[in-house]
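Asks: Sequence:
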Amino acid sequence: MNNIDVKVGGYHKEFAILTPENYEKLPAYMQEKGIKKLQIKDDSYGWNRDYMPSLKSFDFIDELFVFWTGIDDISEIQCLHNLKKLYLDNGDKTKIDFSNFSFLEVLLSWDRKNIETAWDIPSLKELKLYGLKKKQYKEGESLKSLLSLDLRSTAVEDLSFLAQCKNLRKLCLYYMKQLKDISFLKNLEQLEYLSIEGNKIENFSVISFLGNLKKCSLDSRIATADSNDFIHLKKLESFGLFGNNQMLKVSKEVRELLKIDKN
0 MNNIDVKVGG YHKEFAILTP ENYEKLPAYM QEKGIKKLQI KDDSYGWNRD
50 YMPSLKSFDF IDELFVFWTG IDDISEIQCL HNLKKLYLDN GDKTKIDFSN
100 FSFLEVLLSW DRKNIETAWD IPSLKELKLY GLKKKQYKEG ESLKSLLSLD
150 LRSTAVEDLS FLAQCKNLRK LCLYYMKQLK DISFLKNLEQ LEYLSIEGNK
200 IENFSVISFL GNLKKCSLDS RIATADSNDF IHLKKLESFG LFGNNQMLKV
250 SKEVRELLKI DKN
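Quick note on numbering that gives the first Met the number 0: the sequence shown kicks off at 0 and runs consecutively.
In case anyone wonders, no lab produced these hints; they're calculated from the structure.
If you're wondering where the values come from, they're calculated on a predicted model, not measured in any experiment.
Honestly, I wouldn't trust all of these hints.
In the BS3-like style, the derived pairs of lysine-lysine whose C-alpha atoms are separated by at most 27 Å in a straight line are [to be verified]: (1) Lys214 <-> Lys248; (2) Lys258 <-> Lys169; (3) Lys94 <-> Lys36; (4) Lys124 <-> Lys112; (5) Lys233 <-> Lys169; (6) Lys84 <-> Lys35; (7) Lys165 <-> Lys92; (8) Lys127 <-> Lys143; (9) Lys94 <-> Lys40; (10) Lys143 <-> Lys179; (11) Lys169 <-> Lys112; (12) Lys143 <-> Lys124; (13) Lys84 <-> Lys134; (14) Lys179 <-> Lys94; (15) Lys55 <-> Lys24; (16) Lys213 <-> Lys258; (17) Lys213 <-> Lys233; (18) Lys143 <-> Lys185.
Between beta-carbon pairs, the in silico distance windows are [said to hold, decoys possible]: (19) Glu201 <-> Asp96: 34 to 42 Å; (20) Asn198 <-> Ser122: 45 to 53 Å; (21) Ser56 <-> Asn198: 18 to 26 Å; (22) Asp49 <-> Lys185: 18 to 26 Å; (23) Leu107 <-> Asp260: 28 to 36 Å; (24) Asp49 <-> Lys248: 53 to 61 Å; (25) Leu247 <-> Glu188: 24 to 32 Å; (26) Arg151 <-> Asp119: 14 to 22 Å; (27) Asp72 <-> Lys248: 49 to 57 Å; (28) Asp72 <-> Lys258: 51 to 59 Å; (29) Ser159 <-> Asn198: 13 to 21 Å; (30) Asp71 <-> Gln177: 38 to 46 Å; (31) Leu107 <-> Asp71: 16 to 24 Å.
By construction, the Cβ of each residue, glycine as well, lies at the ideal position given by its N, Cα and C atoms.
The whole structure should be built from the sequences, with the hints applied where relevant.
Replies: Right, here's the structure in full:
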């Protein structure tokens with residue numbers, strides 16, 4: 000079958016790229032080959048149109064990437080009810096009703112209207128939300144199921160509702176512009192991976208409650224640290240404090256005491 004582009008290996012493993020040329024034949028080809036991953040993108044070889052075609056014939060896919068297509072309305076993706084993984088990094092302003100995705104386990108989204116409804120997806124295990132507004136943070140059913148959470152580039156001040164993420168194993172908080180209080184972390188006893196960047200955070204002593212931590216990276220220009228808050232975390236395999244000289248000094252002390260390699 001001509002004009003079918005299938006990538007194998009790499010970060011996305013195996014997926015098919017939608018193009019105007021292969022659109023009609025691609026669904027049958029993917030089902031024949033057992034491919035359930037589709038990418039819609041606009042580059043030298045991709046969907047170089049300003050509209051999204053009907054995706055009803057792709058309702059068998061379980062993974063979808065929509066990357067900077069130039070398409071203003073991507074509401075057509077809502078017909079893909081079997082999706083388990085959805086990655087949206089597009090410049091559109093479409094309000095997606097995430098309740099359509101009752102099997103969704105992984106979601107990545109950049110700066111999207113109505114994204115707050117994603118917190119209500121009870122099947123989510125991995126959530127990556129970037130550029131959220133303050134009002135887009137809320138309590139929801141996903142807090143009970145999440146194993147991995149990645150929040151970036153936001154001015155949110157209060158993340159106390161994350162204390163409900165009792166099953167969370169991985170938490171990344173990057174470019175936290177206003178976050179000061181991280182006391183909610185003491186409730187996340189299952190955390191194994193923690194990475195925080197926030198230049199208004201003054202103290203990281205709450206980390207001492209996280210006895211299951213294996214990897215920890217903390218960054219703040221104004222924070223101070225005490226090695227006593229970390230040296231009893233015997234499961235640590237990777238550890239780093241950054242942001243100022245005092246943090247770097249304590250970081251070195253902890254790694255030496257726990258015999259953790261710098262890398």
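Asks: Given the range 16 to 24 Å, decide if the beta-carbon distance of Leu107 to Asp71 lies inside it.
Replies: At 20 Å between Cβs, range holds.
Asks: Keeping to a limit of 27 Å between CA atoms, is the pair of Lys214 and Lys248 held or broken?
Replies: Judged against 27 Å, a Cα distance of about 18 Å means the pair holds.
Asks: Verify the CB-CB distance for Asp49 and Lys185 against the hinted window 18 to 26 Å.
Replies: The hinted range 18 to 26 Å is violated for Asp49 and Lys185, with Cβ atoms some 49 Å apart.
Asks: Hinted pair, alpha-carbon criterion (27 Å max): Lys179, Lys94. Please report holds or violated.
Replies: Judged against 27 Å, a Cα distance of about 31 Å means the pair is violated.
Asks: Between Lys165 and Lys92, is the straight-line Cα distance small enough, at 27 Å or below?
Replies: violated, 33 Å
Asks: May I ask you to test the hint 49 to 57 Å on the CB atoms belonging to Asp72 and Lys248?
Replies: With Cβ atoms ~53 Å apart, the hint holds.
Asks: Can the restraint linking Lys124 and Lys112 be considered satisfied, given a maximum Cα separation of 27 Å?
Replies: holds, 21 Å
Asks: Taking the beta carbons of Ser159 and Asn198, is their distance inside 13 to 21 Å?
Replies: holds, 20 Å
Asks: Given the hint of 14 to 22 Å, is the C-beta distance from Arg151 to Asp119 inside that range or not?
Replies: holds, 21 Å
Asks: Please work out if Lys143 and Lys185 have their alpha carbons no farther apart than 27 Å.
Replies: holds, 16 Å
Asks: Can you confirm whether the C-alpha distance between Lys213 and Lys258 stays at or below 27 Å?
Replies: Holds, at about 13 Å.
Asks: Starting from Lys233, check that the Cα of Lys169 is at most 27 Å away, please.
Replies: holds, 18 Å
Going down the numbered hints, you'll see the structure goes against 7, 14, 20, 21, 22 and 30, while the others check out.
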